[in-house]
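Protein chains in written order, with the working numbering: chain B, 210 to 492; chain U, 210 to 492; chain X, 210 to 492; chain A, 210 to 492.
Some hints here could point you the wrong way.
Copies of one chain are not kept apart here, so a pair can be met inside one copy or by any two copies together.
[Said to hold, decoys possible] With a cut-off of at most 20 angstroms between alpha-carbon atoms, the simulated SDA-like pairs for lysine to any residue come out as follows:
#1 K391 to A357
#2 K229 to S240
#3 K487 to H414
#4 K282 to Y343
#5 K305 to D456
#6 K411 to E211
#7 K391 to E341
#8 K337 to Y392
#9 K369 to C324
#10 K229 to Q212
These are computed hints drawn from the structure, not numbers from a lab.
4 protein chains.
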Amino acid sequence: MEQVYRLVMSCPDKRGIVAKVSQFIAQYDGSILEANHHTDTQSNWFFMRNEITASSLPFGLTTFKEAFAPIAKSLDMQWHISDSHVKNRVVLMCSKQSHCVADILNRWHSGDLDCDIPCVISNHADLKELVEWYGIPFYHLPVGEDKASHFNAVSEIIDKYEAQTIVLARYMQILPPQVCAKYAGKIINIHHSFLPSFAGAKPYHQAFERGVKLIGATCHYVTEDLDEGPIIDQDVARINHRMQPEDMVRLGKDVEKLVLARGLHMHLEGRVVIHQHKTIILD
Amino acid sequence: MEQVYRLVMSCPDKRGIVAKVSQFIAQYDGSILEANHHTDTQSNWFFMRNEITASSLPFGLTTFKEAFAPIAKSLDMQWHISDSHVKNRVVLMCSKQSHCVADILNRWHSGDLDCDIPCVISNHADLKELVEWYGIPFYHLPVGEDKASHFNAVSEIIDKYEAQTIVLARYMQILPPQVCAKYAGKIINIHHSFLPSFAGAKPYHQAFERGVKLIGATCHYVTEDLDEGPIIDQDVARINHRMQPEDMVRLGKDVEKLVLARGLHMHLEGRVVIHQHKTIILD
Amino acid sequence: MEQVYRLVMSCPDKRGIVAKVSQFIAQYDGSILEANHHTDTQSNWFFMRNEITASSLPFGLTTFKEAFAPIAKSLDMQWHISDSHVKNRVVLMCSKQSHCVADILNRWHSGDLDCDIPCVISNHADLKELVEWYGIPFYHLPVGEDKASHFNAVSEIIDKYEAQTIVLARYMQILPPQVCAKYAGKIINIHHSFLPSFAGAKPYHQAFERGVKLIGATCHYVTEDLDEGPIIDQDVARINHRMQPEDMVRLGKDVEKLVLARGLHMHLEGRVVIHQHKTIILD
Amino acid sequence: MEQVYRLVMSCPDKRGIVAKVSQFIAQYDGSILEANHHTDTQSNWFFMRNEITASSLPFGLTTFKEAFAPIAKSLDMQWHISDSHVKNRVVLMCSKQSHCVADILNRWHSGDLDCDIPCVISNHADLKELVEWYGIPFYHLPVGEDKASHFNAVSEIIDKYEAQTIVLARYMQILPPQVCAKYAGKIINIHHSFLPSFAGAKPYHQAFERGVKLIGATCHYVTEDLDEGPIIDQDVARINHRMQPEDMVRLGKDVEKLVLARGLHMHLEGRVVIHQHKTIILD
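From just these sequences and the hints, can you work out the full model?
Quick look at the structure:
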């Protein structure tokens, strides 16, 4: 794939932002492959993402950053630029169920998910062989009485591999607040319900009890408030009265893995911006 | 359409029920057009719906009932049989918004919704002309201070027309418990969210605040517990961060009218059985 | 709704286009509400749509056009700008079936479809009363032996009302090539199949014969090649082996009216650009 | 899972079939877990599938067959009965792409797909390690000049393992007519388009050229007529003008693997009956 720079910006909305940024790119003869804007009218905040062909620019990322900094400053921007040829480092965390991990690894192995996966962490050993078949280190860290030391160990591994993204691929433990805070905006979870319906434990059993006609899954950033983080993507599948909770579990897996893969894909392309407690998807 | 009898039964599950019922039909040379069964394994309860070609039987509904009663009794059945050529009388209740009422009336007028609509009741006059254009009486009953007398008036009209089904087609009032109880299993509501998410008032605004990526609608039977009745059908539509609550309102209308029409259609064909706080759809 | 100008442009792709256009808008302190670009890499063609708040500009449409013309010329642009407060004039054409016409009229009447509907033309009188109830003139022009004179009459009415858009809302006649050519890019049709499957007559019967598990509908611009014009939107509905062609006809109506409404909505907001034999949807 | 017998029957329609069959089951005190019927009114043909709890019957499959044979004969039935505890032997055939094979193997390994997979056959070696990781023999049979001898070798392996089902999981070769005939009703293919649109080679490129707004996949039985066999299941995914054929290929994989898994699941439960050139899904 062609090398592109992804410039993602947000700032207080005012007139002329697009002109300034596009003028900056044009003056170096940069070629904009894709551009998306959004203004949140409630908070009066502006969001923009540009994909610029790397080869069209006369300089690399370091010089770009230096040259762009004054404009960003003048507009009170929060911004970052990333290089599509530098892969995001994604650590997967899982438990016993394989469907999400197997799906992500197959996408990664097939070249359909553009990232590095330096390691997988799990509180159970069930998926060790599957993960190692892909040549990826597998850390089995059982959760014991002392949860604090468990999460310290998890955090050490995440830091050791300099993970930029942590994917909870049906990892069934609740992360402690300090872990949520430390990796804020970097932890993606898949919850097996259509949030805000059926937050918490055993959502398919809750769905069965309520008698809904669709089940769903939600991919979201993790915050300290369980199942309350900014939603990236959601989807549903139709069910009927013949289905028992275990049928919903089986059917739901397809929705979970698809929604998680879509959300992660958007995240890795730098298309997801967290704003307050929601996401803006610049696609 | 060919005249059919719809025989709907439920009873404690045991072996041989299908044999007994189908043997009964076969002995009169009845032709079964469609048959559906379901056993709820939690409650050990059996459900069955048969469509029998009327012309294949040597007698009419009265004799059928007499002949079938002993079998039904021996199996402790709750059951009823209806004639597809006798139309269900459906009273619509609405408020100011027209999309659901207009959609139902157009389906009915086009011959796609098999029922009679003897009258429409509303607490606002906005849809009077639309309804009367179809030749249907429109009762404008404003809700004042004295809610009890309002609902007495509503109930009188429902009874006057011997309504078998009451459809709340975006009727924005909460029915009092005694009305819910009086017409239990006969009142169908469309709620403009994917229940149990966003029950109560202004669900699209709630959805906007939470930042979900899909909105939905739910067709359900009305019980005393607001938005907690047995669900008949649900569906969703995709939204994005650009949409304001008013965009969701506009998009949601399409889901509401479709889900209501589908649920009503199933109900009119006698396919929906309420069991405890859920529905079984015999299709 | 706030008054906006919709500036839609296409031109050979080169660097700096966005900068030039956004610089032009910024120099007059114009506020861009929404902006979308696309580059077709096969043909190396660039597309852009900007929504600009009218009140943010110091002049009206006439001055805007004069001021923008030199930039457009320098970039070899095809472009137009429209005012959201000047409604598009949409002539509906229909036949006997009411679902699409009734749906469009209800949306229009509810304020959900932003256009004028100066008249409806039909080769049958069936929908006359429905249309006239909305206060819209209805022209009943039967198709006889002399098709040429029929279409001359149709064309005269379209021209008399200065229609900018013609919607074939289940109008069952094939338009002659000269009519297609005269109103190129202005005629929107709804075809009751998932094109390119089942082009031509009786698509639901074709679908029944083939045994597909989904039926669909396609909203497209009309060209001289029947059912081959640029596709605006499509959708599907699930069917099963129990459904006869007439069940598909009934179910398909819901897909038809929804897809037509969505396509027309996009068209009226100036979001649909025809490029070669496809559409680009700038949303 | 509880052991059940699946009795699947078809015969000329007449009155009393359900009574005879259910009477037969009831006389041995058999417990019917699930029952589905269908009458094809065009051909006047009747279809029925019963799931009977094995433990409720006083005898096994052999005696059941002997006892049921006279009834079947009297009704001119085609029928078979299978034991849910005897797994169907499914041979997978693939080429280079891994998504369908990896998905099926993960489902099988997780216990979500109830079958044996005695071997995988491929004309390329790419997926050998993936398959062998699951402990399944992998046969690499390259296609050379002599196609006939290739397919003889394929057929020998299929026969050696006594395969009851052959799944073409993105196997990119066209099977010769004699292979299609030999395994008629046993070969399931996934085609990467919404048939009948885009049959044949490179359907995503065809879809890109046509400018459709949805892509799809079709799971069907293989017959001598390429992409014309009875359809089991289909689904679609939304695309837009920004997507190149390679994006459709990536997105389409999700639809392909889901539709193939659903179709295979139905087939393995004995729910799919081929009637003329269509399928009846008894669920």
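Okay, the hints, checked on the actual structure:
1. Proximity of K391 to A357 under the C-alpha cut-off of 20 angstroms is restricted to the intra-copy arrangement: shortest distance 14 angstroms within a copy versus 57 angstroms between copies.
2. In this assembly of identical chains, K229 and S240 lie within 20 angstroms of each other by CA distance both inside one copy and across copies; the values are 15 angstroms within and 13 angstroms between.
3. In this homomeric assembly, K487 and H414 come within 20 angstroms of each other (Cα to Cα) only across copies, at 14 angstroms, whereas the closest approach inside a single copy is 27 angstroms.
4. Neither within a single protomer nor between protomers do K282 and Y343 lie at most 20 angstroms apart by alpha-carbon distance, with minima of 44 angstroms and 55 angstroms respectively.
5. For the identical chains of this complex, K305 and D456 are intra-copy neighbours only, at 18 angstroms inside a copy versus 32 angstroms across copies, given an alpha-carbon limit of 20 angstroms.
6. With identical chains, the CA atoms of K411 and E211 are never at most 20 angstroms apart, being 44 angstroms at best within one copy and 24 angstroms at best between copies.
7. For a Cα distance limit of 20 angstroms, the shortest separation of K391 from E341 qualifies neither inside one copy, at 28 angstroms, nor across copies, at 41 angstroms.
8. With identical chains, the CA atoms of K337 and Y392 are never at most 20 angstroms apart, being 25 angstroms at best within one copy and 39 angstroms at best between copies.
9. For the homomeric pair K369 and C324, the shortest alpha-carbon distance inside one copy (17 angstroms) is at most 20 angstroms, but the shortest distance between copies (42 angstroms) is not.
10. Taking CA atoms no more than 20 angstroms apart as the test, K229 paired with Q212 passes in neither setting, with 24 angstroms inside one copy and 25 angstroms between copies.
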